[in-house]
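Chain residues, written in single-letter form:
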Amino acid sequence: MNWLMNNLPYVGQLSALHLLQSIIPVIAGTLISIPIARLAVGRRRDGRSTAGHTAGSAFKRGAVVNTAALLYTIPSLALFVLMPLVLGTSITSPLNVYVALTIYVVAMMVRSAVDAFESVSPVTLESATAMGYKPVRRFWAVELPLAVPVMLAGLRVALVSNISMVSVGAVIGIQSLGTLFTDGLRRNLPAEIIVGIVGTVVLALILDRLLALIGAWLTRWRKA
Amino acid sequence: MNTMNRRQLFTLAGLGTGVLALSGCGLSGETAFGSGGVSDTVTVGSADFTESQIIAEIYAAALKKRGINAETVPAIGAREAYIGALQEGTVGVVPDYSGNLLLYFDAQTKAQAPEEIMKALPSALSDQLSVLDPSPAENKDSLVVTAEVAQKFGLKSIADLAVHNSEITLGGPPEFAERSYGLPGLKKNYGFVPAKFSPINDGGGPLTVQALIDDQVQTADLFSTDPAIVKNNFVVLEDPKNNFLAQQVVPVVNAKQVSVAAADVLNEVSALLKTEDLIALNDRVSGEEKTNPATAAKDWVDQKLVA
Amino acid sequence: MNIFDKTWAWFTADGAWTGAGGIFQRVAEHLGYSALILLIAAVIAVPIGLMVGHTGRGENVVVAITGALRALPTLGLLTLFALWLGLGLVAPIAALVILAIAPLLAGVYSGIAAVDKVTVDAARAQGMTESQILRKVELPLALPLIFGGIRNAALQVIATVTVVAYINLGGLGRYLIDGLAVRDYPRMVAAVVLVALLALIVDALLALLQRALTPRGTR
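Protein chains in written order, with the numbering used here: chain A, 6 to 229; chain B, 288 to 594; chain C, 1281 to 1499.
What the hints contain is simulated information worked out from the structure, not anything from laboratory work.
No residue lacks a Cβ here, since even glycine has one placed at the ideal position from N, Cα and C.
Hints are supplied without guarantee of correctness; some may be wrong.
[Said to hold, decoys possible] Here are a few chain C residues that face chain B, going by a calculated C-beta distance under 7 Å:
{"no.": "1", "residue": "Leu1365"}
{"no.": "2", "residue": "Gly1366"}
{"no.": "3", "residue": "Tyr1446"}
{"no.": "4", "residue": "Arg1463"}
[What the hints assert, rightly or not] Listed next, with one range per pair, are the computed distances between beta-carbon atoms:
{"no.": "5", "chain 1": "C", "residue 1": "Val1473", "chain 2": "A", "residue 2": "Arg214", "range": "31 to 41 Å"}
{"no.": "6", "chain 1": "B", "residue 1": "Ala567", "chain 2": "C", "residue 2": "Val1323", "range": "23 to 33 Å"}
{"no.": "7", "chain 1": "A", "residue 1": "Ser126", "chain 2": "C", "residue 2": "Ile1481", "range": "30 to 40 Å"}
{"no.": "8", "chain 1": "B", "residue 1": "Lys543", "chain 2": "A", "residue 2": "Gly67", "range": "50 to 60 Å"}
Using the sequences and the hints given, assemble the complete structure.
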């Protein structure tokens, strides 16, 4: 407690950095995942069969989902340190962390976005078409909104996991609440590490709550 | 540490506007601030151990006191990492230690005395880099044992360890296994090849000290300015063959990033910094008091650097 | 030589595979830590998940706990436990067990909870005891979701157990942390390849085991 009181501005600043490194990859990763997942799901067979896909699209779906899962097996530390090699960035650039974490979010989100699009009933889509919706408008006005609830569940897991993963960047000198772990270890300061752990969990709880609220607002049609 | 990293903000701004496709832009934005002659802000980097961080904060505080903008990038990593950052110009100056710096660029060097090392350094460094004046403050790597182990094995010098090779585990940072002053040097100079090497990533910190006390390792690589040595009655083994070279604190700079005025301030700091200061500062930051490195550094600068 | 050639050279160098610090030793350590961690985590998570899934009591608590556990940063736990417990196996294993509990608990709990209540009532009507229902009805039916949790946990542990090299343990993380200390990229790339391969192989084996264990009727 004492340590926290004496270092409030420092902890605040690290929290701000942590927040940025948590949010940006989640937004970027989600934006990337949605089109990939939509393409992977492919053209849904119309109302005649609610089961799902053609043989070609099943293969495409499997390939996309498995590639994404493979990305997830790369240790986060490894991804952080190899980024300069891939991107040509500086060793100290926070961009390494942003891109690496975006990759993880994509790895997690593609899967749930695929599930989300598949959860939309083909019958509903067909009704929309029958009502005169063109494909593009049908996607934005019907398919995407209906996919939000399932997607949101995946997004919340991705967000929370991402927040705890950000801290690993401290090992390569990218500052976040994780800096409190490496610094606390070197200075024999458990209080500093505890502040970092609690800060990370609190940040995750707040953002998760916020995301749930945004989700409720986005899907307010469900209550109507 | 207290200044928000400006580059980070700009990279963010770049990212926020156009997300990932802009990774190239984020980069060019980065260099744009460093290019076009000497930057008006000096970026001070540091290695991933506490003393390096303290000295980096001292540099930054001194520069600010003399009216020069400065920001810090703490704990970049081991020498391989921060030298890389210096060469790129993403940081302008990093506090280093003369002997190990020379060995990094010239593993075959014959230089041993402090003056020889400083003389050999300028030509050994890569083109983008140079060193400023060395400080009288010294901090060597050193092999340390507990008083009990020293007595049990009859140890005074590193050479005595070689007799007990098979009974000894050595603790140190991972890079110690491969650095020329690390395991290779100990083998070459003394025939000392520990049965096991235990890599510990705490920069010669509490885990390493505890491992010594608990006899999990029998000898460890600690910094000679570590207050834990005196506090725990550790014995520093003599190094008659100078495996560990003289290590004066010296700012290594990327000349493009550091103005003459800034270099003058850093030289002023070097002249004032003594070995006792390092020990006292380490104790404030990592001992009972747990002062912030930035605070301890600022106190020192306020006290020593005449306004 | 580009990075791929250099990595290949690292893999084919003398002594890369056998001997102290060779790939075989590191893989064995990596698997050993992972298995130990998953085992301990399972001992903690499975009974709780079964209880909560079966009785339906404490659901909210389990959901909240798995969420909070997911947010706990492993590096933080590792450094904290290391300061408290010193070097050795206990600190890093404990930190990773906490990581593995969340997916295991979520898998077991949601698997049992998802079993159709009508099926459970039918079993009860036939005179099965609660423990029989759990073992003979709910557990087999929940296997797919439970295995989903196990595979999830295994993937996470195998990828994350690399951080134990930050404290002085072995495993494939050694190549990563040591390579990082001296900026040896080929060694780090090799570590990534090895960890990913290991994760894929283990995942495939678990998938086979799942097939073998799942009752034919529910496949």
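Hints and how they fare:
1. Leu1365: 10 Å, violated
2. Gly1366: Holds, because the Cβ-Cβ distance from Gly1366/C to chain B comes to roughly 5 Å (cut-off 7 Å).
3. Tyr1446: Interface hint status for Tyr1446/C: holds (5 Å vs cutoff 7 Å).
4. Arg1463: Holds. Min distance 4 Å.
5. Val1473/C x Arg214/A: 31 to 41 Å: 39 Å, holds
6. Ala567/B x Val1323/C: 23 to 33 Å: Once the Cβ atoms are compared, 50 Å apart, the range 23 to 33 Å for Val1323/C and Ala567/B is violated.
7. Ser126/A x Ile1481/C: 30 to 40 Å: 38 Å, holds
8. Lys543/B x Gly67/A: 50 to 60 Å: Given about 52 Å between the Cβ atoms, the range holds.
Of the hints listed earlier, those the structure fails to meet are numbers 1 and 6, in rising order.
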